[in-house]
Structure formats: C-alpha cells, structure tokens
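Sequences and hints are given; from them, build the entire structure.
Keeping their order, the protein sequence lines are chains A and B.
Under the working numbering, the final residue of the first sequence carries the number 266; numbering is consecutive throughout.
Under the working numbering, the final residue of the second sequence carries the number 632; numbering is consecutive throughout.
Worth double-checking, as some hints may not be accurate.
Stated by the list, open to error - Here chain A is said to cover these stretches of chain B; the calculated rule only asks that three of the stretch's residues, wherever they fall, bring their Cβ under 8 Å from a Cβ of chain A:
hint : segment
1    : 349 to 358
2    : 364 to 378
Said to hold, decoys possible - Only pairs whose alpha carbons sit at most 30 Å apart, straight line, appear in this in silico BS3-like list of lysine-lysine:
hint : chain 1 : residue 1 : chain 2 : residue 2
3    : A       : Lys-170   : B       : Lys-605
4    : A       : Lys-103   : B       : Lys-484
5    : A       : Lys-170   : B       : Lys-347
6    : B       : Lys-484   : B       : Lys-392
7    : B       : Lys-443   : A       : Lys-217
8    : A       : Lys-170   : B       : Lys-392
9    : B       : Lys-347   : B       : Lys-443
10   : B       : Lys-443   : B       : Lys-392
11   : B       : Lys-440   : B       : Lys-392
12   : B       : Lys-426   : A       : Lys-103
13   : B       : Lys-426   : A       : Lys-170
14   : A       : Lys-170   : A       : Lys-103
15   : A       : Lys-170   : B       : Lys-301
Just so you know, the hints here were simulated from the structure itself, not pulled from any lab data.
C-beta: ideal position from N, C-alpha, C; glycine also.
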Amino acid sequence: MARRFSVQRQTGFATIAIICFFALYLPIVVLVFYAFNSADSLSSFQGLSLRWFARAFENRQVIDASIRSLQIAGVAATAATIAATMAAIATTRTEPYRGLTLKYAFINQPLMVPEIVTAVALLIFFARIKIWTGYNGLGYLIAAHTAFCVPFAYLPIRARLENMDSTLEKAAADLYATPWNAFRYVTLPLLWPGILAGFMLAFVISLDDVVITEFVKSAGQDTLPTYMLGQIRRTITPEMNAISALFLLLSICVVIVFFVVNRKRV
Amino acid sequence: MAESNAVEIRDVVKVFGFGEFAFSAVDHASIAIRKNEFFTLLGPSGCGKTTLLRLIAGFEFPTSGEIILNGEDIGTMPPFKRPINTVFQSYALFPHMTVAENIGFGLTMLGRPKQEVRDRVAAMLKLVRMENLAGRRTSQISGGQQQRVALARALAPQPKVLLLDEPLSALDYKLRKDMQIELKRLQGETGITFIFVTHDQEEALTMSDRIAVMSAGKILQVDSPRAIYDAPADRFVADFIGETNFLSGRIGSVTDGIAHVDTAMAGRISATLPRDFVAEGDVTVVLRPEHAALCDADDPAACQTTGTLENIVYFGTDTHYHVRLGDGETQFMLREQNKPLQRQRFSVGDRVGILFEPNAARVLRN
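Here you go:
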C-alpha cells in the first residue's frame with residue numbers, strides 16, 4: 001500500500017533532529033549549569049552554589065544596566081508597536097495601489113540593512129545632534145531601538161490584520177460606528193493578540209541588542225548585553241552565567257505570558 | 267409620490283477601474299422601492315445586484331446618479347450616518363462579543379441609554395426566538411442561530427431600510443425554507459422595508475412583494491413576482507425565471523391583440539402580443555411548460571402544433587414531457603399535474619399534439 005510522503009519517516013530524520021536540538025540547547029544547558037558553580041572560574045565545577053547569583057544582585061553596575069535595558073526596551077517597544085500598528089492598518093486596510101510594495105520594503109528595511117551599517121550611520125548622525133543640542137541622555141538609544149524594532153512589531157500585527165475578516169469593520173460602520181469607534185470596539189480587540197505578539201518581539205529584540213547600542217550609547221549608558229560584553233573582555237566568572245541564566249528566565253517568562261494571554265482569547 | 271418611497275435609485279452608475287479596464291457594475295439603474303415593501307434584486311452572479319446593495323449601504327459611492335432616502339441624496343454619505351442596516355452574506359458577527367452585545371452594538375454606537383439598549387436587545391432576542399442564548403459567544407451557536415443574530419443585530423436600531431445580501435445561501439435546504447418564512451414574518455412584524463439580494467429565482471418568487479431582475483448592471487424589469495413570471499419583459503427575464511419554451515419566428519398577422527407567428531419548428535402559432543408592441547419583424551414566442559398540454563395529434567383543429575414524444579419524466583406532483591418538434595431540432599417541454607389514478611395517455615415515440623391558449627404564450631422582441 002502506498003503511503004503518503006512524510007518527512008518524519010525518512011531515514012536520518014530523527015538523527016538530524018536530535019543533533020540540531022543538541023547544538024541549539026546543549027550550550028545553554030551548560031551555561032545555566034555553570035551558573036550554579038561554586039568555584040571562582042569556569043574551568044572546573046566544584047559543587048552547587050548560589051553565590052554568583054548573590055554576587056550579581058549585589059553588583060551595582062549589573063542592576064543599573066538591567067534597569068536601563070528594561071527602560072529602553074519598554075519605551076522603544078511601546079513606541080515601535082504603536083507605529084507598527086498604524087503602519088499595518090495603513091498598508092492592509094486599503095485597495096492595493098502602485099507603490100504599496102515599496103512601502104512594505106521601506107517598513108521592513110531594518111531587517112535587510114546590515115546592523116553595523118545602521119550603527120555607524122546612527123553614530124555619526126547622533127554625534128552631530130549631541131554637539132548641537134548638548135543633550136546626552138537615553139533618548140538616542142530609545143530612538144535607535146524604536147527604529148529597528150518597528151519591523152519586528154509590524155510583521156505579526158500585519159499577519160493578524162490580513163487574516164481578519166474586513167467585513168467585520170464594514171459591519172461596525174453599518175451599525176453607526178464612526179471610523180474611530182469601529183477601530184476602538186472591533187478592530188483593536190480583535191487585533192490585540194497580534195499587537196501583543198509584536199510588542200513582545202520588539203521588547204526582546206531591543207533587550208538583546210548589542211551592535212547598535214554599543215555604537216550609539218554615551219559613557220555610562222551600558223545596557224545589560226553591552227555590560228556583559230565589556231566584562232567578558234576582561235575575566236570570565238560564573239557571574240556572567242548567572243546573569244545570562246536570569247536573562248533567559250526573563251525571556252521564558254515573556255513567552256509564557258504571551259501564550260497564556262493569547263490562549264484566553266478567541 | 268416621494269412619500270411612499272423608502273429608497274429611490276435615480277440613474278445610478280458605478281464604474282470600477284480606469285481607462286480600458288473600466289466597466290460599469292451598475293449601468294444607469296433607476297428604481298423606486300416603496301415603504302414597507304419586501305423588494306428583491308434578482309440576477310445571476312456578476313449582474314451588479316450586490317454592487318447596487320453596497321451603494322445603498324454606503325460601502326461604495328456612485329460614479330453618477332442619486333440615491334434618495336427621505337428626500338435627501340445620501341449617495342456620498344458614509345455608511346455610519348445612513349439609517350440603513352445590512353445582514354451580510356457571511357453574517358460578520360463580532361467574534362469577541364456575546365450574542366446580546368452583538369445585537370446591542372448599533373444602539374450603543376448611537377449613544378442610546380444603557381437601559382434602552384438592554385430592553386431593545388431583549389425584545390430583539392424574543393423577536394428571533396433566541397432568548398436563552400443571549401450570553402453565548404457567536405462561535406458557540408449554529409449557522410441558523412448566527413443568521414438570526416445577524417438579523418436581530420441589523421433590526422435592533424430600527425433602520426428605515428434593511429439590506430440582505432444573499433443571507434440564506436450558507437444554510438442547508440430545510441433551514442433555508444424555515445428562514446424564508448421567518449424573514450417574511452419579521453418584515454411584516456417590523457414594517458421595515460427589506461431589500462433582498464439573491465440569485466435564487468424560487469426564493470425571489472416566494473418571498474418578494476416586487477422583484478427587480480438585473481443583468482450586466484442593467485435593470486431589465488421591476489414588477490410583482492406573478493407579473494415577472496407570467497409576463498416577462500424580455501427573453502433574458504423569461505429564461506432566467508422558471509423554465510420556458512422559446513419559439514422564434516415572424517409575425518404573419520395580428521387580430522385582436524393575438525399575433526399569428528410563423529415558426530420553422532412549430533408552424534403557425536398564436537400568442538398574445540403585449541401592448542405597445544410594434545408587430546413586425548423577427549420575434550420569439552415564450553411559453554411556460556405548465557401552460558401547455560398534450561392532445562391528440564389527429565385532431566389538428568384542437569392542437570397548435572405537433573411533434574414526437576421523446577421522453578416522459580415522472581416527478582410525483584407532476585410529469586414532464588419532452589416533445590421533438592417538426593424541425594427535428596427544437597425540444598419542447600410540457601408539464602402536467604398528476605391526478606389520482608391517472609392512466610398514461612401517451613407513450614414515448616408517439617406522435618402528439620401540443621395545445622395551449624394564445625393568452626398563455628407571449629410574443630417578445632428578439
């Protein structure tokens with residue numbers, strides 16, 4: 001009897017899958033494991049301990065960098081999500097017209113341009129503005145993060161809008177909802193999971209960024225990733241593992257929250 | 267005059283596309299739809315009936331012409347300002363709201379007090395017999411129930427006109443029959459003008475006070491179901507509504523409104539000439555299958571024409587006879603109602619005569 005082709009039944013499928021999973025997760029497992037190392041270095045494992053977590057929590061620089069990271073990610077992801085939502089509505093709730101594809105390309109441009117190019121460009125651009133205005137605050141980092149987060153927020157929101165029946169918005173208009181009310185009471189509640197997904201993605205991308213942050217930041221504006229990069233250049237202690245493990249925990253939490261919130265909705 | 271009309275469509279044109287790709291979905295359409303009327307737009311898919319409905323709803327704006335409601339041209343008014351509601355083909359119920367919230371949506375958007383909205387929703391639920399499902403999500407109810415919610419939602423704000431865009435097409439046969447009766451009842455009870463779009467001629471005939479038959483963006487005939495069926499204005503209407511025999515020929519003579527038409531397939535036949543019909547040239551005689559009967563071919567005085575009986579199809583309530591006419595090409599169909607303990611008078615292969623009254627057959631322009 002002829003069976004339908006299934007990639008799962010091909011020889012070697014399981015082996016390749018296992019290798020891939022090991023390559024992906026083994027280093028992370030090892031990293032987390034060594035975070036509990038009681039020794040002073042990563043070269044030997046001498047027993048379980050939470051001392052490096054305690055050390056990380058006592059480290060003023062780590063705490064400052066973490067707070068800075070969350071601030072930047074929070075503001076940038078919010079701004080990017082609002083911009084992305086507006087862009088997604090503008091590009092899906094319209095009849096196709098000449099130039100629409102060009103707009104898609106423009107919105108998604110940060111995905112295509114090498115990050116280092118954007119970083120150098122922003123460094124030069126912001127340097128000028130810093131001289132003119134004398135302002136040296138977090139605004140530059142937030143602006144830069146917002147810019148490269150927009151496409152990440154845009155993609156899930158647009159996908160959600162494209163799958164949404166646009167007759168619902170017509171029905172709302174038919175039932176005396178002004179364009180704003182139709183958006184407020186019909187589009188937005190139905191779009192919410194997409195907006196949330198976009199926000200989470202933007203948040204994580206911002207939290208994780210090294211290249212652009214490294215170029216744009218002023219002195220004393222280290223985010224957690226750039227701080228860790230700076231530390232690793234000197235000595236590597238299990239403190240880095242502990243911080244990474246906490247970072248990992250945070251991103252797992254974000255993903256879980258996302259799934260839980262999404263599951264409750266229709 | 268205008269007082270008795272709910273909506274008046276005046277010479278409306280809707281063109282889609284530009285330049286060489288432009289086509290008129292609605293082509294100089296004019297209709298006056300009366301108050302408290304069950305009005306149907308009937309036509310094959312792509313005839314422009316849904317576009318016309320969308321123009322009335324406000325989802326499209328006319329290229330030219332006027333749409334008059336309460337003596338005012340609403341052609342360019344956005345949908346949320348028009349006192350017109352729509353039942354969509356896909357129902358378009360809001361999936362994040364309960365049945366009651368869906369029904370109350372229009373009134374809430376109009377800014378009516380909460381208590382009034384609640385009372386009205388309760389009354390609507392009662393009207394469509396869904397009182398016990400008020401708190402359900404729209405995804406938790408059946409297709410027929412969704413249909414009722416869509417109706418209740420559109421009726422709740424008491425619109426001047428209710429538009430229905432093929433709302434029964436997604437239901438199965440039995441449910442569709444029930445909903446047809448339900449719709450008629452709702453229209454009678456609410457006194458709201460219904461404009462119903464369908465491609466199903468049977469649905470149109472059974473439900474409507476008046477029907478507009480459309481084809482290629484044009485309105486061909488506006489009349490009562492009986493008039494449309496018995497006196498179609500042209501060949502398209504005759505062909506689209508019900509089954510029809512077409513016999514083409516030339517008018518030989520006219521006496522007292524009855525034309526004697528010489529045809530190649532059936533010889534000289536007599537048919538009614540519609541008033542103000544210029545009796546000359548090539549014409550088509552149309553005749554419904556049930557308006558003709560079989561007769562004895564040997565009695566030429568009683569029969570209009572003769573042919574060979576090719577096929578007998580028994581349908582329970584009636585029997586269909588297919589007769590090959592004299593030219594050997596044209597097939598003529600007759601339908602006779604079955605009576606109890608009836609004996610089969612003819613059998614396949616017999617030479618038979620066809621009998622019909624001249625006032626059952628009509629002459630149409632080609």
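Now the hints, each set against the structure:
1. Chain A is given as covering the segment 349 to 358 of chain B, and this holds because 6 residues of the stretch bring a CB closer than 8 Å to a CB of that chain, at least three being needed.
2. Closer than 8 Å: that is the beta-carbon criterion, and the segment 364 to 378 of chain B has 4 residues meeting it against chain A, so the requirement of 3 holds.
3. As the CA atoms of Lys-170/A and Lys-605/B are separated by approximately 53 Å, the hinted pair breaks the 30 Å bound.
4. Simply put, Lys-103/A and Lys-484/B have alpha-carbon atoms about 39 Å apart, too far for the 30 Å limit, and the pair is violated.
5. Distance restraint check for Lys-170/A and Lys-347/B: the Cα-Cα separation of roughly 13 Å lies within the 30 Å cut-off, and the hinted pair is therefore satisfied.
6. A distance of roughly 40 Å separates the Cα atoms of Lys-484/B and Lys-392/B; the hinted pair therefore is violated under the 30 Å criterion.
7. Restraint check for Lys-443/B and Lys-217/A: the C-alpha separation of about 71 Å exceeds 30 Å, so the hint is violated.
8. For the given pair, Lys-170/A sits about 26 Å from Lys-392/B by alpha-carbon distance, which is consistent with the 30 Å threshold.
9. Proposed proximity of Lys-347/B and Lys-443/B is contradicted: the alpha carbons are some 34 Å apart, above 30 Å.
10. Between Lys-443/B and Lys-392/B the CA atoms are separated by roughly 21 Å; this keeps the pair inside 30 Å, and the hint holds.
11. The suggested pairing of Lys-440/B with Lys-392/B holds, with an alpha-carbon distance near 22 Å, which does not exceed 30 Å.
12. This hinted pair does not check out: Lys-426/B and Lys-103/A have alpha carbons roughly 42 Å apart, beyond 30 Å.
13. Our distance criterion of 30 Å between C-alpha atoms is met by Lys-426/B and Lys-170/A, whose separation comes to about 19 Å.
14. The straight-line distance between the Cα atoms of Lys-170/A and Lys-103/A is roughly 25 Å, inside the 30 Å bound, and the hint therefore holds.
15. Taken as a hint, the Lys-170/A and Lys-301/B pair is honoured in the structure, with Cα atoms around 25 Å apart against an allowance of 30 Å.
Of the numbered hints given earlier, the model fails hints 3, 4, 6, 7, 9, 12; all others are met.
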